[in-house]
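Letter by letter, the chains look like this.
There are 2 protein chains.
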Amino acid sequence: MGNVVARSIHRSISCLLEGSENDGRQVIEDEIRVNQMQIELDDFVATLMARNQPVARDMRLLISVLKINSDLERMGDLAVNIAQRSLTLLHESVPETVHLIRKMAEVSEEMVRLSLDAFVQKNASLAFELLKNDDEVDRLRDAIYVEVTDAMHRDSANIHIGLGLMSVARNLERIADHATNIAEDVIFVVHGADVRHHRETGAET
Amino acid sequence: MGNVVARSIHRSISCLLEGSENDGRQVIEDEIRVNQMQIELDDFVATLMARNQPVARDMRLLISVLKINSDLERMGDLAVNIAQRSLTLLHESVPETVHLIRKMAEVSEEMVRLSLDAFVQKNASLAFELLKNDDEVDRLRDAIYVEVTDAMHRDSANIHIGLGLMSVARNLERIADHATNIAEDVIFVVHGADVRHHRETGAET
Chain G
1 MGNVVARSIH RSISCLLEGS ENDGRQVIED EIRVNQMQIE LDDFVATLMA
51 RNQPVARDMR LLISVLKINS DLERMGDLAV NIAQRSLTLL HESVPETVHL
101 IRKMAEVSEE MVRLSLDAFV QKNASLAFEL LKNDDEVDRL RDAIYVEVTD
151 AMHRDSANIH IGLGLMSVAR NLERIADHAT NIAEDVIFVV HGADVRHHRE
201 TGAET
Chain W
1001 MGNVVARSIH RSISCLLEGS ENDGRQVIED EIRVNQMQIE LDDFVATLMA
1051 RNQPVARDMR LLISVLKINS DLERMGDLAV NIAQRSLTLL HESVPETVHL
1101 IRKMAEVSEE MVRLSLDAFV QKNASLAFEL LKNDDEVDRL RDAIYVEVTD
1151 AMHRDSANIH IGLGLMSVAR NLERIADHAT NIAEDVIFVV HGADVRHHRE
1201 TGAET
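Residue numbers (the numbering used here), protein chains in the order written: chain G, 1 to 205; chain W, 1001 to 1205.
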């Protein structure tokens, strides 16, 4: 499920940056599989919990799986948002801001990869590593907003594409937030420490 | 927790519509309590699960509580987003679009109330009732986007306030989505049927 979602995120961005309509359509198609996998995994975990009466530590792991499952499914939805928006921008000439979107996508995708690796390896240091990237994502999001708003003020012809790029940036930011949630769950599973809400980095703008 | 979150949503909108700075600040303050309640409730449920080894039906209820807990906490975050944005718009003259925001807030708040009532009463009909409102929220969101984009094209002085109102509309839509999640969980608890992903209504725009 993590692999399918990571690939969808990559494709949604490639739809925007390389103008690949194919990639965009594939993301929308794959969402059905992701939704189905989420339901199956939830059912599987609920059955495990009820049948095997796990002890506290195993219960913590299973609860984390439920949460990560929901984070992955939401990431899939966000990739669909990006793909759908990118499909409406296929024939627009893309402004300079795009280099910031490219950078933001790279950092976000790296966070998704790290979060999945951290979970599979039960590696808390990898999870902590990831948490550092979240500020970079917020910084890039802010920079994109500033550039886009300027462009919109300069020329109202930029409003359509500008709103599109802001939407992509916002969805990437939310993808990075879900990767952060997964990292926090990994730390919770490994150390039993709840690191949620200790480092929230401000609202959507 | 539901009551605190419902009040925060109401206050965040009152910060925008009545220009109440006090209400906006209160929302931001109350988020700390909501976060704390989320952690306590998660811990409580995990302990219950591990100690009492509930049977399948009770396990389903407890898993739903974990999910609803996370939905409520996210709603609190979204109310903070609205409050923070509204605080930056306190001294702006608000355009006509505001009547649509008012309507959208009414429908969304009603959905939140219904979702909490449905859960407390384990009332699936109430939950189904709520699901009908989701299309209305999407329709209002679309109408706001059209009006705001027009206003931005007409006069670039509208860009700042326009982006603000779009952000509020988007956050309201996401609040309504979380109310929908809660309703779906209630239906799952009552009927054992998974109604997720059967009626998704399209992406954030």
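If you are wondering where the hints come from, they were derived from the structure by calculation, not from laboratory data.
Hints may be right or wrong, so weigh each one.
Said to hold, decoys possible - Just so you have them, the derived chain W footprint on chain G, three or more residues with Cβ under 8 Å:
#1 66-75
#2 101-111
#3 182-191
As the list claims (entries may be wrong) - Restraint ranges, calculated between C-beta atoms of paired labels, are given here:
#4 G:GLY19 with W:LYS1103: 46 to 52 Å
#5 G:GLY19 with W:ASP1150: 48 to 54 Å
#6 G:ASP117 with W:ASP1150: 45 to 51 Å
We put the CB at the ideal spot given by N, CA and C, even for glycine.
Tested hints:
Residues of the region 66-75 of chain G with a Cβ under 8 Å from some Cβ of chain W number 3, which satisfies the need for three, so the listed coverage holds. Here the region 101-111 of chain G counts 0 residues with a CB under 8 Å from a CB of chain W, which misses the bar of 3, and the coverage is violated. With a threshold of 8 Å between beta carbons, the proposed coverage of the region 182-191 of chain G by chain W is violated, since 0 of its residues qualify and at least three are required. Distance hint check: the CB atoms of GLY19 of chain G and LYS1103 of chain W are about 38 Å apart, inconsistent with the given range 46 to 52 Å.
A beta carbon spacing of about 28 Å between GLY19 of chain G and ASP1150 of chain W contradicts the range 48 to 54 Å that was offered as a hint. The hinted window of 45 to 51 Å between ASP117 of chain G and ASP1150 of chain W holds, with their beta carbons roughly 47 Å apart.
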